[in-house]
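One-letter residues, chain by chain:
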Amino acid sequence: AQKITQTQPGMFVQEKEAVTLDCTYDTSDQSYGLFWYKQPSSGEMIFLIYQGSYDEQNATEGRYSLNFQKARKSANLVISASQLGDSAMYFCAMREGFGTNAGKSTFGDGTTLTVKP
Amino acid sequence: DAGITQSPRYKITETGRQVTLMCHQTWSHSYMFWYRQDLGHGLRLIYYSAAADITDKGEVPDGYVVSRSKTENFPLTLESATRSQTSVYFCASSESSGTLYEQYFGPGTRLTVT
Numbered sequence: 001a002q003k004i005t006q007t008q009p010g011m012f013v014q015e016k017e018a019v020t021l022d023c024t025y026d027t028s029d030q031s032y033g034l035f036w037y038k039q040p041s042s043g044e045m046i047f048l049i050y051q052g053s054y055d056e057q058n059a060t061e062g063r064y065s066l067n068f069q070k071a072r073k074s075a076n077l078v079i080s081a082s083q084l085g086d087s088a089m090y091f092c093a094m095r096e097g098f099g100t101n102a103g104k105s106t107f108g109d110g111t112t113l114t115v116k117p
Numbered sequence: 001d002a003g004i005t006q007s008p009r010y011k012i013t014e015t016g017r018q019v020t021l022m023c024h025q026t027w028s029h030s031y032m033f034w035y036r037q038d039l040g041h042g043l044r045l046i047y048y049s050a051a052a053d054i055t056d057k058g059e060v061p062d063g064y065v066v067s068r069s070k071t072e073n074f075p076l077t078l079e080s081a082t083r084s085q086t087s088v089y090f091c092a093s094s095e096s097s098g099t100l101y102e103q104y105f106g107p108g109t110r111l112t113v114t
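The listed protein sequences derive, respectively, from chains A and B.
In terms of the working numbering, the first sequence is residues 1 to 117.
In terms of the working numbering, the second sequence is residues 1 to 114.
Next up, chain A with everything else stripped away, as it sits in the complex (with noise of 0.2 Å):
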C-alpha cells in the first residue's frame, strides 16, 4: 500500500531564507509521481511541483526545487527566500501509475510552515 510521511508538524523560518519540508513515501510501483501542494489558510489546494520516478534531475519552480533521493524514498520539498505569503499548509502526495492504485493519490498530514518577518 502506498504511504506519504511527513513528519514535521510545524516549521518556521526566518524571511528570506530557505525552508526544506520533509517527505518520505513507501510504494512497490516502479512508476509513480510525487506532489507537492500549498494550502494556504483561506483553504484552497494549490498545486506547486511534481517528481516523475523515472526523472533524473530533480524538479524545480520558480522558488521551489523537490530534492528527490530515490533509493531513500524521499522527496523533499526546498522553498528558497522565503516570503511571508509562503506561510501556509504543505502537502506531499504520490499518485502510483499502474496497478490496483492506479490514478489515486495519497497524501501526507502536511506540515504547516511560518514564515517569520
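Quick caveat, the hints were computed from the structure, so don't treat them as lab data.
Errors might be hidden in some of the hints.
[As the list claims (entries may be wrong)] Keeping only pairs whose Cα atoms sit at most 25 Å apart, straight-line, the calculated BS3-like set for lysine-lysine is: (1) B:K57 to B:K11; (2) A:K116 to A:K70; (3) A:K104 to A:K70; (4) A:K104 to A:K73; (5) B:K57 to B:K70; (6) A:K104 to B:K70; (7) B:K57 to A:K3; (8) A:K104 to A:K16; (9) B:K70 to A:K73.
[As the list claims (entries may be wrong)] Chain A regions said to be covered by chain B (calculated; three or more residues, Cβ under 8 Å): (10) 62-74; (11) 104-116.
Ideal placement from N, C-alpha and C gives every residue a C-beta, glycine not left out.
Mind docking chain B on chain A? Use the hints.
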C-alpha cells in the same frame, strides 16, 4: 465559470439526514475524486471515477455514495449523515491516470453535522 466548482460551499445538517455535495468541472477531465480533510490533517480519498459510469472506492468510502452519469459532474451523497462526517470535502479532477498529471481541486465544501 471555467474550472472546478463545488456547491454548496457551506452546509449544516442534522444527524440522519441525506446530503448531496455537488462537483462540476469544465475541462472534460476523465478522472474525478472526492476527498475529506479533517481538522489539522491531510486528505483522505473517499471515491474516485475514471470516466462516466465508472467509479471505485477509495480509503474511506463507508457512508458515502457517488454517481457519474456525465463526465463533468461527480456528486457525493451522504446517505444518513453522522457527526463523524463533519469535515471539509474537496472535489478534484485530473486529465488522466498518468503519474505526471496533477489534480485540480475545487474550493471545498465545509460540512457540519449536528
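Results of checking the hints against the structure:
1. B:K57 to B:K11: 24 Å, holds
2. A:K116 to A:K70: 32 Å, violated
3. A:K104 to A:K70: Roughly 20 Å separates the two Cα atoms, so the pair holds.
4. A:K104 to A:K73: 19 Å, holds
5. B:K57 to B:K70: 18 Å, holds
6. A:K104 to B:K70: Holds: A:K104 and B:K70 sit about 20 Å apart, inside 25 Å.
7. B:K57 to A:K3: 17 Å, holds
8. A:K104 to A:K16: It is violated: about 36 Å lies between the C-alpha atoms, which goes past 25 Å.
9. B:K70 to A:K73: It is violated: about 38 Å lies between the C-alpha atoms, which goes past 25 Å.
10. 62-74: Answer violated; 0 residues pass the 8 Å Cβ test.
11. 104-116: Our answer is that it holds, as 7 residues pass the Cβ test (under 8 Å) against chain B, meeting three.
When the structure is compared with the earlier hints, violations turn up for hints 2, 8, 9 and 10 and for no others.
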